[in-house]
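Residue numbers (the working numbering), protein chains in the order written: chain A, 1 to 114; chain B, 1 to 110.
Where hints are given, some of them may not hold.
Computed list of lysine-lysine pairs in PhoX-like fashion (alpha-carbon distance at most 25 Å, straight line) [claimed, not checked]: (1) A:Lys11 / A:Lys57; (2) B:Lys69 / B:Lys3; (3) A:Lys102 / B:Lys52; (4) B:Lys52 / B:Lys69; (5) A:Lys57 / B:Lys3; (6) B:Lys3 / A:Lys102; (7) A:Lys102 / A:Lys57; (8) A:Lys71 / A:Lys57; (9) A:Lys102 / A:Lys71; (10) B:Lys52 / B:Lys3; (11) A:Lys102 / B:Lys69.
Footprint (simulated), chain A over chain B, 3 or more residues, beta carbon under 8 Å [what the hints assert, rightly or not]: (12) 41 to 53; (13) 101 to 109.
Okay, the calculated bits of chain A under chain B, using three or more residues with CB under 8 Å as the criterion [claimed, not checked]: (14) 40 to 49; (15) 95 to 104.
It should be emphasised that the hints constitute simulated quantities derived from the structure, not laboratory data.
Here a beta-carbon is modelled for each residue, glycine too, at the ideal position from N, C-alpha and C.
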Amino acid sequence: DTGVSQDPRHKITKRGQNVTFRCDPISEHNRLYWYRQTLGQGPEFLTYFQNEAQLEKSRLLSDRFSAERPKGSFSTLEIQRTEQGDSAMYLCASSLFGSGEKLFFGSGTQLSVL
Amino acid sequence: DAKTTQPPSMDCAEGRAANLPCNHSTISGNEYVYWYRQIHSQGPQYIIHGLKNNETNEMASLIITEDRKSSTLILPHATLRDTAVYYCIVRGVNNNDMRFGAGTRLTVKP
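For reference, chain A alone in the conformation it holds in the complex (with noise of 0.2 Å):
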């Protein structure tokens, strides 16, 4: 078990630009989710899946911000023509459905957009 990893681990951007995270969750986990945490806040929900499947996405998702697990396996979240505001922490974390909602986070992805 090598636990949650995310890459990468900072990224600084321009304003206008396009960037992707990845994040690789514990290999049984089903479930995935991506936080997104501003500083001297708590993560703030964004989306998860189940397997392959997004099944909830928050109104905080605009439409610049997609994500995807095309295998159920790892998972890329993109923003496009990325805004000052978009600069955070992005958290990934996986958990195995059933077994009490325990959630396992990464270290996150830090963007900076300048």
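Given chain A's structure and the hints, the job is docking chain B onto it.
Quick look at chain B alone, frame taken from chain A:
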């Protein structure tokens, strides 16, 4: 999900018990209480959860009042490495995400 109220910050002496309170007065019967913590620059870490009975694991104990309107997370012998933000979350069985508040920033002092 029921809302939770936690003090924004607390201090604890190293080696002493840290007791972190959480109010969840609007909790409903099928909602669980979860605790996570987040050490600086890391993702949140699951600690413990319970429905109505007290729970204990290798990390902590969770005490839920009989009316379930509040709970306390107990770290029996706090160490400097327990310095973190602690989140109390109430989640229903039919909900599919953990919704975090601002949490309690616990500082363990030598």
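Measure nothing beyond the straight line between the CA atoms of B:Lys3 and A:Lys102; if it is 25 Å or shorter, mark the hint as holding.
-> Given pair B:Lys3, A:Lys102 holds - Cα atoms ~19 Å apart, limit 25 Å.
Satisfaction of hint between A:Lys71 and A:Lys102, Cα-Cα up to 25 Å = At roughly 22 Å apart (the allowed maximum being 25 Å), A:Lys71 and A:Lys102 satisfy the hint.
Outcome, coverage hint (the segment 95 to 104 of chain A, chain B; C-beta under 8 Å; three residues) = holds (count 5)
Within 25 Å, alpha carbon to alpha carbon, are A:Lys102 and A:Lys57?
-> Holds. A:Lys102 to A:Lys57 sits at ~20 Å (cutoff 25 Å).
Within 25 Å, alpha carbon to alpha carbon, are A:Lys57 and B:Lys3?
-> Between A:Lys57 and B:Lys3 the Cα gap is close to 20 Å, so the pair holds against 25 Å.
Does the structure keep A:Lys11 and A:Lys57 at a Cα separation of 25 Å or less?
-> It holds: about 24 Å lies between the C-alpha atoms, which stays within 25 Å.
Given hint B:Lys3 paired with B:Lys69 - CA-CA distance at most 25 Å | holds, 11 Å
CA of A:Lys102 to CA of B:Lys52, is that 25 Å or under?
-> holds, 17 Å
Is B:Lys52 close enough to B:Lys69, meaning Cα to Cα at most 25 Å?
-> holds, 10 Å
Below or equal to 25 Å on CA atoms is what counts here, so check B:Lys52 against B:Lys3.
-> At roughly 17 Å apart (the allowed maximum being 25 Å), B:Lys3 and B:Lys52 satisfy the hint.
The segment 40 to 49 of chain A covered by chain B? Criterion: 3 or more residues, Cβ-Cβ distance below 8 Å.
-> holds (count 7)
Agreement of A:Lys71 and A:Lys57 with the hint, judged by alpha carbon distance not exceeding 25 Å = holds, 19 Å
No hint from the list above goes unmet by this structure.
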